[in-house]
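Trainee: Chains as they are written, first to last, in this note's numbering: chain G, 2 to 468; chain D, 581 to 678.
To be clear, the hints were calculated from the coordinates, so they are not data collected in a lab. Among the hints, erroneous ones may be present.
Below, computed lysine-lysine pairings styled on DSBU-like, alpha-carbon distance capped at 30 Å [to be verified]: (1) G:Lys-3 to D:Lys-645; (2) G:Lys-80 to D:Lys-664; (3) G:Lys-47 to D:Lys-634; (4) D:Lys-640 to G:Lys-52; (5) G:Lys-79 to G:Lys-439; (6) D:Lys-655 to G:Lys-52; (7) D:Lys-645 to G:Lys-442; (8) G:Lys-456 to D:Lys-664; (9) G:Lys-439 to D:Lys-634; (10) D:Lys-640 to G:Lys-297; (11) G:Lys-440 to D:Lys-664.
Rough simulated footprint, nothing fancy, chain D against chain G, three-plus residues with beta-carbon under 8 Å [stated by the list, open to error]: (12) 24-38; (13) 42-51.
Yeah, the Cβ is synthetic: ideal placement off N, Cα and C, and Gly gets one too.
What follows is each chain in one-letter form.
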Amino acid sequence: MKMQYHLLPFDFTRIADTEILVNEVGDMMVVPEGTIQRIIDRQMEKDDLYKSLVANFFISEELVPPLLDVYAARLREKKRFMDYFTALHIFVVTLQCNQNCVYCQASSRKEQSEHCTMSNEVMECSVELMFRSPAPVLTMEFQGGEPSLHPKLIRFGIEKAEEKRLSDGREVRYVLCTNCVNLTDEMLDICKQYHVMISTSLDGPAFLHNANRGKTDSYEKVIAGIEKARKALGNEQVSALMTTSVQGLNHPVEIVDEYAKLGFKSLFLRALNPYGLASDNPDWEDYTRKFIDFYKKAFEHILELNKQGVHFAEEFAIIILRKMLTPFSTGFVDLQSPAGIVNSVLVYNYDGYVYASDESRMLAEKGDYAFRLGSVFDRYEDVVYGNKVRDIAEIWANESLAGCSDCALKAYCGADPVRNYSTQGDMYGHRPSSLLCKKNKAIIEYIISLIVERKEEVVPIFKTWLL
Amino acid sequence: MKILIDRNIYSDECISKCVYSLSEVFQCNRQLDGNTESIELIPTNGFISDEDTKRLFLQKLNDFKLRQIVAEETKDIRTILYAKAFADYEDFNIEEAE
Ligand code: SF4
Chain G
2 MKMQYHLLPF
12 DFTRIADTEI
22 LVNEVGDMMV
32 VPEGTIQRII
42 DRQMEKDDLY
52 KSLVANFFIS
62 EELVPPLLDV
72 YAARLREKKR
82 FMDYFTALHI
92 FVVTLQCNQN
102 CVYCQASSRK
112 EQSEHCTMSN
122 EVMECSVELM
132 FRSPAPVLTM
142 EFQGGEPSLH
152 PKLIRFGIEK
162 AEEKRLSDGR
172 EVRYVLCTNC
182 VNLTDEMLDI
192 CKQYHVMIST
202 SLDGPAFLHN
212 ANRGKTDSYE
222 KVIAGIEKAR
232 KALGNEQVSA
242 LMTTSVQGLN
252 HPVEIVDEYA
262 KLGFKSLFLR
272 ALNPYGLASD
282 NPDWEDYTRK
292 FIDFYKKAFE
302 HILELNKQGV
312 HFAEEFAIII
322 LRKMLTPFST
332 GFVDLQSPAG
342 IVNSVLVYNY
352 DGYVYASDES
362 RMLAEKGDYA
372 FRLGSVFDRY
382 EDVVYGNKVR
392 DIAEIWANES
402 LAGCSDCALK
412 AYCGADPVRN
422 YSTQGDMYGH
432 RPSSLLCKKN
442 KAIIEYIISL
452 IVERKEEVVP
462 IFKTWLL
Chain D
581 MKILIDRNIY
591 SDECISKCVY
601 SLSEVFQCNR
611 QLDGNTESIE
621 LIPTNGFISD
631 EDTKRLFLQK
641 LNDFKLRQIV
651 AEETKDIRTI
661 LYAKAFADYE
671 DFNIEEAE
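Given only the sequences and the hints, what does the whole structure look like? Please build it.
Mentor: Put into structure tokens, the structure is as follows:
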């Protein structure tokens, strides 16, 4: 006999001979094959599975679930980042750099280059714009090139922000993205005075890091810089990011071990992106396939370390797991819907123009201004609510994009109009041929498959990562 | 290979979504004759046996049909859910909306 209940919105995928149901807030249920058909045909038994489906908002015994308000509040919480609006403000202080990275994503220029550093006037107007954002916590992130080449400009920017902060009452966090090669005492004094976090780049062991930098002594200098910064600011104020170069793809274990050896508690396994000089990498399809393989190998090694009692986490997985296993939203701009651009990040470029994201200004370095939103001298409203942003807003939610709207993973993934534009020629994008989609899908499915097939082993580890 | 689909069972939307999802794997030609749609699938890259083509296509098609049923049956409650979650007023009342 058919049961009487009502369906609630959900999507599904199939992984490891099971059906994975995902509801509107990203809650996941792993059920045996054939369950979806039985749910739809009202052929469920009143057993534990049925009760779980009701409790987790996949079906409802009443037309309007009695706890709909709770469910709506959870949905709102998952999209909380929209309430805050732009929280991350990237200041591209200069394009000058003292390194020569093979995959440079910022199209940096030589240390002596002229006309590629922000003026005080642009810095001041950018700070003004940043404070127009309603976010309760603002992050002011200095990027380059190598921003530490200009400590006086950074001090000027922070002092302007501090003046505003004191009258405005909001919290401002400062981040310096630096290669740590030449961290001067002057720069560290600024960091100490204003609690500036240091985010540096380290691609793995010496042979790999140096090869990626096109130098023979870069590794030694970075390690010395990290040590100096830790001593001056404390370990927790210094973090590192790696980028997986083509050569790095062959060394997943060595990269993880290097980070663990240096006392870092986590690692973000980051793929190259196709901007800046990095777009000269010829075969993205091959790279993406190999990166997925690299990710899994590195991840398995991280799990092994955890089983040996070393607390060490992978940051991309943490973002996915947080979306899957907790009620909270994440602040990671690359996996958001509506997209992180403008909603969560704005970029003030050295030349006085405002861009939708870091990747947008990298496109501009190639002469493509599709995501230039205006100038730092413009009115805030014209920059963030102007025609350009309205056009982008039409296609920045994966809930309404072909391919994504029917994808069970959309609650964990994000929309990226800039990447679609730069790799596929239009902001809307074509999911079946998108390499970003392929990568995200493969990694998210891999994490789900671990939960399905090796639950006892991995879930206790994942829980420690989410503490 | 050619697959014949009964349009009384699978809607245009359902078939379109299926074809889109496989557009990297197959080039597709669609032709409607009465209530039967003939779908020609040509692998874009390399060889895929007719048997595998059919299995892949029909499995995807069935999944899109399941999604379509869920989407249609839950359209209203989804709208209410999103209105409740994101409307800018606190006292949105379902009874009044129904
Ligand atoms: S980009 Fe791909 S994996 Fe992500 S939601 Fe869209 S279809 Fe799914």
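Trainee: Please flag the earlier hints that this structure goes against, numbers listed from lowest up.
Mentor: 3, 8, 11, 13
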